[in-house]
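Trainee: Line by line, the protein sequences give chains W and P.
Mapped onto my numbering, the consecutive letters of the first sequence carry residue numbers 1 to 75.
Mapped onto my numbering, the consecutive letters of the second sequence carry residue numbers 1 to 261.
Any given hint might turn out to be false.
Going by beta-carbon spacing under 8 Å, a handful of chain P positions derived as facing chain W [unchecked claim]:
id, residue
1, Met10
2, Thr14
3, Ile15
4, Leu18
5, Ala81
6, Leu186
7, Ala194
Derived by calculation from the structure, the hints in this document are not laboratory data.
Beta carbons are placed, not taken as given, at the ideal position from N, Cα and C, and that holds for glycine.
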Amino acid sequence: MDAESARMLGAGLAAVGAGLASLGVGNVFAKFLEGALRNPGAADGQQGRLFIGFAAAELLGLLAFVVAMILVFVA
Amino acid sequence: MATEAKVDPMHQFTIEPLFGSDGWEVAGYNLAFTNSALWMALTAVVLWGFVALGMKGQLVPGRWQMAVESFTGFVDDMLEANIGKAGRKYVPYVFSLFMFILFANVLGLLPLGVVGLHPFTFTSHFTVTGILAIMSFSIVLIVGFAKHGIGFLSLFVPHGTPALMIPFIFLVELVSFMVRPFSLALRLFVAMMAGHLLLEVLSGFVISSSNAGVGTGVLVGIPTFLLMIGICALELLVAAVQAYVFALLTALYINDAENLH
Numbered sequence: 001m002d003a004e005s006a007r008m009l010g011a012g013l014a015a016v017g018a019g020l021a022s023l024g025v026g027n028v029f030a031k032f033l034e035g036a037l038r039n040p041g042a043a044d045g046q047q048g049r050l051f052i053g054f055a056a057a058e059l060l061g062l063l064a065f066v067v068a069m070i071l072v073f074v075a
Numbered sequence: 001m002a003t004e005a006k007v008d009p010m011h012q013f014t015i016e017p018l019f020g021s022d023g024w025e026v027a028g029y030n031l032a033f034t035n036s037a038l039w040m041a042l043t044a045v046v047l048w049g050f051v052a053l054g055m056k057g058q059l060v061p062g063r064w065q066m067a068v069e070s071f072t073g074f075v076d077d078m079l080e081a082n083i084g085k086a087g088r089k090y091v092p093y094v095f096s097l098f099m100f101i102l103f104a105n106v107l108g109l110l111p112l113g114v115v116g117l118h119p120f121t122f123t124s125h126f127t128v129t130g131i132l133a134i135m136s137f138s139i140v141l142i143v144g145f146a147k148h149g150i151g152f153l154s155l156f157v158p159h160g161t162p163a164l165m166i167p168f169i170f171l172v173e174l175v176s177f178m179v180r181p182f183s184l185a186l187r188l189f190v191a192m193m194a195g196h197l198l199l200e201v202l203s204g205f206v207i208s209s210s211n212a213g214v215g216t217g218v219l220v221g222i223p224t225f226l227l228m229i230g231i232c233a234l235e236l237l238v239a240a241v242q243a244y245v246f247a248l249l250t251a252l253y254i255n256d257a258e259n260l261h
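Build the full structure now, drawing on both the sequences and the hints.
Mentor: Structure (structure tokens):
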């Protein structure tokens with residue numbers, strides 16, 4: 001396999017990380033909604049923590065995107 | 001189709017000098033006025049206008065004043081909830097940061113392409129978000145060391161750490177602390193860049209499938225166009241959420257500096 005196609009395959013594989021991060025982000029909001037429906041009174045106070053969890057989960061997916069971009073355009 | 005027109009999704013991120021790049025050399029650096037600088041200036045002007053129109057301070061606020069006050073109140077509440085009473089003095093900084101990023105993201109999404117202008121999202125550049133993150137990080141460092149002196153380093157050793165584990169935990173916490181400006185900048189830059197890339201790639205689908213004929217245009221072009229409308233709505237949400245997340249994380253980091261653990 002030449003380097004060019006290996007690069008592109010690597011970029012495609014890195015995109016798997018974006019899909020996995022979507023599981024994480026979905027999980028964050030799903031669990032929040034689950035908890036919020038059980039105790040709606042406490043839900044509003046926890047929105048900051050919701051977005052911290054969202055940011056942390058999302059960042060890891062974005063890193064996969066960065067890896068793909070580096071492989072396509074930089075490496 | 002004589003020449004296959006190819007849509008280059010990365011072209012939208014090119015920085016171009018607007019008035020030529022000659023004669024802008026300052027101390028060895030070329031400081032030409034670029035499209036990025038133009039959109040930063042535009043964002044600052046629009047933001048200034050938005051806030052100035054709401055600063056009349058009427059006893060019964062009008063709609064505009066309500067809009068501005070709800071933004072300031074939102075940032076105020078966020079800082080109060082995350083830092084406590086000491087958070088009030090950071091409202092000007094975090095409010096400017098939040099509104100600047102929000103306006104930049106939203107202005108970059110404006111459909112000005114229909115009148116031939118090209119909106120430029122400068123938050124999709126690591127240099128810009130990096131500087132914003134470094135500003136937040138320096139405030140954390142300055143406040144932390146000014147307030148607690150060398151005791152600020154106790155941030156890296158959580159309460160109740162066994163003595164044996166202290167060097168190891170210190171190292172881990174130090175790395176996680178030093179990575180903060182990068183993660184802060186990377187998140188905003190990649191989220192904006194990914195969204196704009198996605199829109200551009202999808203619009204490339206629409207253009208080339210419609211060029212290929214009526215059949216592919218109906219089969220591929222129209223569904224893709226409908227998807228683009230949905231993605232545009234999602235991008236508006238992402239623009240707001242990313243600005244909020246940036247401000248929220250800044251508030252959390254400042255909280256570490258104000259109150260330690």
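Trainee: None of the hints should be skipped; say for each whether it holds.
Mentor: Evaluation of the provided hints:
1. Met10: holds, 7 Å
2. Thr14: With a closest approach of 13 Å, the Thr14 of chain P hint is violated.
3. Ile15: violated, 15 Å
4. Leu18: This hint is violated: Leu18 of chain P lies away from chain W, its Cβ roughly 25 Å from the closest one there, beyond 8 Å.
5. Ala81: holds, 6 Å
6. Leu186: Holds - the Cβ of Leu186 of chain P comes within 8 Å of chain W, reaching about 7 Å at its closest.
7. Ala194: Result: holds, 5 Å to nearest chain W Cβ.
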